[in-house]
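Number of protein chains: 2
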Amino acid sequence: MQSNRKDLPMKINEIIEKMRQEKLESLFILKPENIAYVTGFKPSSASVLILKEEPLLFSTKLDMEAAQAQSCLPLEEFKSLEELIKSLKETLNGKMGIENSMSVGTYKKICKNFQTAPNDIIEGFRAFKSKNEINKIKGAIRIAEDSFKDIDFSKFSGSEDDLAAGLEYNMRKAGSVKPAFETIVTSGPRSSLPHASSSSQELGNPVMIDWGALYENYASDMTRSIVQSQKEEEILSVLLEAQKEAINAIKPGIKASHVDNVARGVIEEYGYGRYFIHSTGHGVGLEVHEKPSLSSKSDEILEKGMVVTVEPGIYMEGKFGLRVEDMVLIKNSPKILTELPRKISSKNL
Amino acid sequence: MQSNRKDLPMKINEIIEKMRQEKLESLFILKPENIAYVTGFKPSSASVLILKEEPLLFSTKLDMEAAQAQSCLPLEEFKSLEELIKSLKETLNGKMGIENSMSVGTYKKICKNFQTAPNDIIEGFRAFKSKNEINKIKGAIRIAEDSFKDIDFSKFSGSEDDLAAGLEYNMRKAGSVKPAFETIVTSGPRSSLPHASSSSQELGNPVMIDWGALYENYASDMTRSIVQSQKEEEILSVLLEAQKEAINAIKPGIKASHVDNVARGVIEEYGYGRYFIHSTGHGVGLEVHEKPSLSSKSDEILEKGMVVTVEPGIYMEGKFGLRVEDMVLIKNSPKILTELPRKISSKNL
Numbered sequence: 001m002q003s004n005r006k007d008l009p010m011k012i013n014e015i016i017e018k019m020r021q022e023k024l025e026s027l028f029i030l031k032p033e034n035i036a037y038v039t040g041f042k043p044s045s046a047s048v049l050i051l052k053e054e055p056l057l058f059s060t061k062l063d064m065e066a067a068q069a070q071s072c073l074p075l076e077e078f079k080s081l082e083e084l085i086k087s088l089k090e091t092l093n094g095k096m097g098i099e100n101s102m103s104v105g106t107y108k109k110i111c112k113n114f115q116t117a118p119n120d121i122i123e124g125f126r127a128f129k130s131k132n133e134i135n136k137i138k139g140a141i142r143i144a145e146d147s148f149k150d151i152d153f154s155k156f157s158g159s160e161d162d163l164a165a166g167l168e169y170n171m172r173k174a175g176s177v178k179p180a181f182e183t184i185v186t187s188g189p190r191s192s193l194p195h196a197s198s199s200s201q202e203l204g205n206p207v208m209i210d211w212g213a214l215y216e217n218y219a220s221d222m223t224r225s226i227v228q229s230q231k232e233e234e235i236l237s238v239l240l241e242a243q244k245e246a247i248n249a250i251k252p253g254i255k256a257s258h259v260d261n262v263a264r265g266v267i268e269e270y271g272y273g274r275y276f277i278h279s280t281g282h283g284v285g286l287e288v289h290e291k292p293s294l295s296s297k298s299d300e301i302l303e304k305g306m307v308v309t310v311e312p313g314i315y316m317e318g319k320f321g322l323r324v325e326d327m328v329l330i331k332n333s334p335k336i337l338t339e340l341p342r343k344i345s346s347k348n349l
Numbered sequence: 001m002q003s004n005r006k007d008l009p010m011k012i013n014e015i016i017e018k019m020r021q022e023k024l025e026s027l028f029i030l031k032p033e034n035i036a037y038v039t040g041f042k043p044s045s046a047s048v049l050i051l052k053e054e055p056l057l058f059s060t061k062l063d064m065e066a067a068q069a070q071s072c073l074p075l076e077e078f079k080s081l082e083e084l085i086k087s088l089k090e091t092l093n094g095k096m097g098i099e100n101s102m103s104v105g106t107y108k109k110i111c112k113n114f115q116t117a118p119n120d121i122i123e124g125f126r127a128f129k130s131k132n133e134i135n136k137i138k139g140a141i142r143i144a145e146d147s148f149k150d151i152d153f154s155k156f157s158g159s160e161d162d163l164a165a166g167l168e169y170n171m172r173k174a175g176s177v178k179p180a181f182e183t184i185v186t187s188g189p190r191s192s193l194p195h196a197s198s199s200s201q202e203l204g205n206p207v208m209i210d211w212g213a214l215y216e217n218y219a220s221d222m223t224r225s226i227v228q229s230q231k232e233e234e235i236l237s238v239l240l241e242a243q244k245e246a247i248n249a250i251k252p253g254i255k256a257s258h259v260d261n262v263a264r265g266v267i268e269e270y271g272y273g274r275y276f277i278h279s280t281g282h283g284v285g286l287e288v289h290e291k292p293s294l295s296s297k298s299d300e301i302l303e304k305g306m307v308v309t310v311e312p313g314i315y316m317e318g319k320f321g322l323r324v325e326d327m328v329l330i331k332n333s334p335k336i337l338t339e340l341p342r343k344i345s346s347k348n349l
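Protein chains in written order, with the working numbering: chain U, 1 to 349; chain F, 1 to 349.
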């Protein structure tokens, strides 16, 4: 991670410029992913990054050695919120930007001492991925895809848990410190539960697998469905058409909600509209769900450098559910980053 | 999880009684672990539990099928925060309790419409484990311990990542949907990083392993250190003595900080005080870190039914670090729930 150091000052300068525009003297940053974005170091315990003309990172003793090695910023020890507030009051008197994600408990202590302005400034920057970040996301995708390919589905016998265990084992061995999120392996009628984790039930048909790896703190997120019956193949075709149309609709400058409309439109055309019960996608980066949201309610505009999932799904309670999910880099023409075949029939395995 | 249903009404009644004492008409609950505690159902997407005389759970379409099967409470669809606020305003007009963990972004919308009182009421209840909860914690411990025992350390060769992968694979196969936290496997000089995850480095000496499983949403958390040199054995003995004294000091009614003092006292006596850079322990349950905190700054009192870790550590930068961590149920005499041998020398493996 040391190699990032060169990038960081420019990024920090851009954020400080944005703070100036917003008339913020400082930004009080607690979210580990936001600290990782700015400093290159992802804390494992309470840490606070104070962004201002002369930024400072506060970490606990627990993280000190790692922070010293990885962070690009001057470091001090974080002892308690009370002590930190006391010392900041000596130097800061302007408006302090705080994260919208800050907890009310912390906020109540901060707002007694500073004039605060909640915002998503760092999350806004994070939506745009640098070349370096895209490479890390690609690394996370490669780990996830290779781990899938290393499973011999033609010989696999066992439960949903066993399949998830195998996939995660492969990802772990390849350097993913943990799954990017709780791996979903559902099969048979359970596949109609879009977010259920795996179970001890023997693997049935169809199979839906939603998994992702972490590589240098960056996530991947993809879904494949393995179909068997003609009905399942038919539904998968609908999803693939919806996904293809949605991806083709992606270009810089359009509304994120438009992509959702396109995917939903195709699914509705085939009469499955009421079974598509979530939004079409979301940004992925240091978090597996981040800006922008590809939902009907989103007011975000898609821009070059964003990385999003496109993941239409159809879930028929009591029968089965399918989803297909790929990751797309937004450029003048959308670039699909995930490469694993999308049409997987258990007949060919 | 269905079997819990019988317990729930009583628990809910106790919480509502507490709300009455605090003059709260309702509690607005967002934290998945808090929802799981009250309803038996742990949401995977935005859900809100409104606790009042007639409690209501709001879940997204994504979670509807699972919530229906697992939750003990009446269910409605969660569409958006705005819509929920609008509908609640029609029936609620008293003070609304909100979680200290609520984000500022959400808080700003809520406090415009309701008189709010941030609190940790549910976390307070969660510190006391029922028999049913203790059994789930024991389940999580058994999975973690069996997974450790299933690794043949005498034959193991590979990296820290490989060892972590093996441990997590075993836990996954045994039904832990994910590790309770990022598994730590550090060895050689890296072991002085108390919170580092594993690396691709070949396993050296000593080895520190901090791992935990999830069983029906409940966590386990333990650490073992495998020592080789005489110096390492000496440090481990100091830790075991500190841990033993600390555990013996645990009884209902004492200050949590006292347990930290006892452990720290032993380590200081041997001259390693400055290397014990974290607190002595924490509660474990639906979250791996919850109330109470066994730290020098804690003002909590230990009570029967709490489950805590006791985990002294010594970290010598540039040399090595060791920690030993067990889980203890607080009763008149403390009951150690973890059973794996604490003294592990690589000579005997």
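The set of hints was computed from the structure by calculation and includes no laboratory data.
Where a beta carbon is used, it is the ideal one built from N, C-alpha and C, also for glycine.
Careful: at least some of the hints might be erroneous.
[Unchecked claim] Computed list of chain F residues with no C-beta within reach of chain U, every gap over 12 angstroms:
#1 Pro74
#2 Pro118
#3 Ser200
#4 Glu232
[Claimed, not checked] PhoX-like, lysine-lysine: derived pairs with alpha carbons at most 20 angstroms apart:
#5 Lys109/U <-> Lys297/F
#6 Lys173/F <-> Lys112/U
#7 Lys173/U <-> Lys173/F
#8 Lys178/U <-> Lys112/F
Unsatisfied constraints (hint numbers, rising): 2, 3, 6 and 8
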